[in-house]
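Chains as they are written, first to last, in this note's numbering: chain Z, 7 to 682; chain S, 32 to 326.
Among these hints, one or two may not hold up.
Straight-line C-alpha distance at most 25 angstroms; calculated PhoX-like pairs for lysine-lysine [said to hold, decoys possible]:
hint, chain 1, residue 1, chain 2, residue 2
1, Z, Lys39, S, Lys283
2, S, Lys186, Z, Lys39
3, Z, Lys247, Z, Lys327
4, S, Lys130, S, Lys277
5, Z, Lys246, Z, Lys273
6, S, Lys130, Z, Lys39
7, S, Lys277, Z, Lys60
Honestly, the hints are just simulated from the structure, not real lab data.
Listed below are the residues making up each chain.
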Amino acid sequence: MGFLSPLFLGGLLAAGLPVYIHLLKQHRSEPVKFSSTMFLERRTQSSVKHRRLKYIALFAMRLAIILLLALMFANPFVQRAVGSAGGGRKFVAIAVDNSFSMRTGDRLAQAKQAALSALSGMGATDRGQIMTFSSSVQFLTQPTSDKAELQRAIQGIQPGDGRSAYGEVSRTLRSMNQPDGLPVEAHVISDMQLTSMPTPFAELAIPPSTKLQLHAVADKREPNWFVESVNAPRSIFQPKKVRIQAVVGGAGTPPGELPVELAINGKVLETKKVTLTESGRATLEFFLPEAAYGLNRGEIRIPAKDSLAADDRFPFSIERKESSRILIVHDSRSSRAATYAAAAIESVPDAGYTVESLTSDQASNVAPSKFSSVILSDVGTLPASLESALNEYVKQGGGVFVALGSSTIARGKVPLTGETIRDARYASREGERFLTAGQVDKTHPAAARAGTLDEVRFYQISNVTTDKSARIIAKLSDGTPLMYERKIGEGKVLVLTSTLDNVANDLPLHASFVPLMEQSAHYLSGFDPVPADYSVDSFAELRSARDAGSAVDVLDPDGKRAVSLKESAAAQSIRLSREGFWELRRANGRNELIAVHADRRESDLEVIPKETLALWQGTGSRDGTGGGTSDQTTKPYSLWWYFALALFAVSIAESIFASRYLAAERETGNSLRRAA
Amino acid sequence: MMQRFLDPGVLASISGLELIAKTVVDGFISGLHRSPTFGFSQEFAEYRAYSEGDDLRHVDWNVYARTDRTYLKRYRGETNTQLTILIDASASMAYGSHKVTKIEYAKYLAASIAYMSNQQRDSVGIMLFDDEIRQFVPPSARHGQFMRVLHAIDKAETGTRTDFEKPFYHCMSFLHRRGMLVVISDFYAEPERVVKAMVPLRAHGDELILFHLLDPQELRPTFGDAALVVDMESGEDIEVTPEYMKTEYRQKIDGHVAAMKSEAQKAGIDYFMLDTSQPLDAALRDYLLVRQGRA
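Modelling step: build the complete structure from the supplied sequences, incorporating the hints.
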């Protein structure tokens, strides 16, 4: 028997603590004062022996807790004879790093060579498996004894764009329990990049039965320049200059001047020079005069060549498209609401909406389907043709925002949803004077950024008998619905039970009005916000809930289809596994260009210190027993688990015992000591 | 609502005996139903024929003018009782297992009774004793007497052992007028001896009310383990067991209370046992009932 962490045995010294408490600092019964002993008679405790026994038992339990704790941490083990099930055979696992940094120079070729030489040590009866790893581990073969197949797998390894994670490799090695008990010989072949180390070193631990051999294909940090990030708008609507910000940097590089290019659709438009300090970073700004309509492929490049050329360019996409149109239909008597709503929607920079404001008579022959969404602002009776067209528009997936005011109240029904308006509620001059919003559902996309609306004063509200299926987005403080959503067919209708005209409320004067209108327009138009940039191994959403069943096509950076037919109809998202431009062709005919870049932590080619590598290697088998060279070997069998169980049991017993023992003492003390 | 302010624990947090007395009495009175018996106002009660020695100021001259007879007009509040409160300030009174010790409870009770009597314009006096007379303020209805009494109560500190004979002997020699004596003590003495010391006063015509204060721990002690108990008066220590405290001690203390009550009744003395964890209103109610009977 031995101890894997014998230093923890020092904790046994703590056993002195209960000895001190119980034996040296012996319990003395403190005399307690009592008003009179007139009615007391001297009695001795009949169960002195019991008390003493209780006391000794408590002391023993406390001592046992300390001892067990120290022993548990010292991790005791016994050597158990393990008959080599494989009869000298072993399992060889070869993991080759194919992350982005392995594109540096000929590192991948060196790694393959190292893998082949590791494979040469595999005996005829041994089994082996080849895997590559970046952010996740990919098995290239099944466990096999066929060396030729394993060699082919090694030769077929291609460089990837992912970020290496050594924690993942160790996790995979930990899960490699061979059913036939074969010892594992693991070869990890990598450039040993420091940035790929997991934060807790414990994640690198491998089982003692595994013998780990690390093969480093890089031994020093190579200088490398890279484009770290680019900030460019995904969509533009106006024919104006587009500002593109880029950050370039160096890792292990000397100070110097570096040319940087902006290229759009393969054509270099501008070149700038930037001065970098040693391993420093610098920010540049480019102005794109006018982007062409449609999808534009942009790149920021560093023409100067270094050891890792792949990170000297950073892709980004810019789509120039027409603005979406929003129709506002208002009552012919007042256009105030339309003015406020249009100003709010159009004031958002790069929102991409143009607003068309018409009276209900003017809009009678307009086709709503030409608009991304429609706002009905306090309209009375709608022309039959418009009402019919709007009903059809909503059923087919359109979005309508309805604001209720005096004209709608006179009509008695909410347009499109048909809900009954019971009456109008006015805030009285003598009473509450105005109504306020009490509760806003922030989880609804339309109200997510509108704040609490608690400063808005509502003077008139329509009391609507809402349908059970309605989702209440905002309520007044007395619970009356202020804003709600109804789904009709494929479309949706947002109803505000007050107006947008700064008469029935002062909502348009508050800062929350702009995000409320903008988010409502986005929500009703089906506008899905997309991330500004994607890194390799992130996921792109392929369809929203309403697009279920519609086919989506994805083309990878090589222009090849990245999803199968089955996936194109059902997959919710796709993993962007490579750097470059990915094209998404959605069911509604919209095309999207997604620029994917490699994680720039891969650009820092600093290598892990040899001491750290030795520590990692040391977590596995040290004596070579993992190699399985002898038929009969011993294996340490840890006993800490049994000590932990015993510790748990003794702790529970001590708690119960001590609480009873101390409760008895405390009871006496509390009742009597106050008099002192 | 006001009942809350009669809770000894709450009173302990109030500084100033006068405020405590006012809080207790006003809270207690406001909790009572309106009763003609307890009126503090100068309420007309009856006419009484003038007899020699009566104060001429109280003669109803209007009646005299009409009937040519002299009558005195008497009021309900006009009882002119001479009240002396005796507080046992022996060491055992310092005992308390909760927020309020027995001596504090006795102070609150004495201050409240003094306040009520002062409201009725009675003469009030105070005597603090243990085995000696520690403080004595003779009964008086003079202006400022109430504050003198309160000051004496406030300064009360527990001393040593109890001796019931000295204070009552002292009372016999100082109190010539008949009056009322309220004794507040934990009565750790033989009931016969206590009552025997009071009998001469009773014979003198004085009304006696005994308030027997006991802490809940004294009535029902809860000992979890054997303990060494030290007598607060004598310093004698004695080891007791929980079994004893649960059984025999309780029987003995109950017997003592019963004996005190029985002996007091025999001597025509009103006796009330008070648990110091209970609100003061019970004590005040008992006092007023006795007071009503004597008015």
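Structure-based check of all given hints:
1. Between Lys39 of chain Z and Lys283 of chain S, the direct Cα distance comes to roughly 19 angstroms. Compliance with the 25 angstroms bound is thereby established for this hinted pair.
2. Restraint check: the Cα-Cα separation between Lys186 of chain S and Lys39 of chain Z comes to about 23 angstroms, which is no more than 25 angstroms; the hinted pair holds.
3. The straight-line distance between the Cα atoms of Lys247 of chain Z and Lys327 of chain Z is roughly 15 angstroms, inside the 25 angstroms bound, and the hint therefore holds.
4. The straight-line distance between the Cα atoms of Lys130 of chain S and Lys277 of chain S is roughly 23 angstroms, inside the 25 angstroms bound, and the hint therefore holds.
5. Of the pairs offered as hints, the one joining Lys246 of chain Z and Lys273 of chain Z holds, with about 19 angstroms between alpha carbons and a cut-off of 25 angstroms not exceeded.
6. A distance of roughly 16 angstroms separates the Cα atoms of Lys130 of chain S and Lys39 of chain Z; the hinted pair therefore holds under the 25 angstroms criterion.
7. The suggested pairing of Lys277 of chain S with Lys60 of chain Z holds, with an alpha-carbon distance near 23 angstroms, which does not exceed 25 angstroms.
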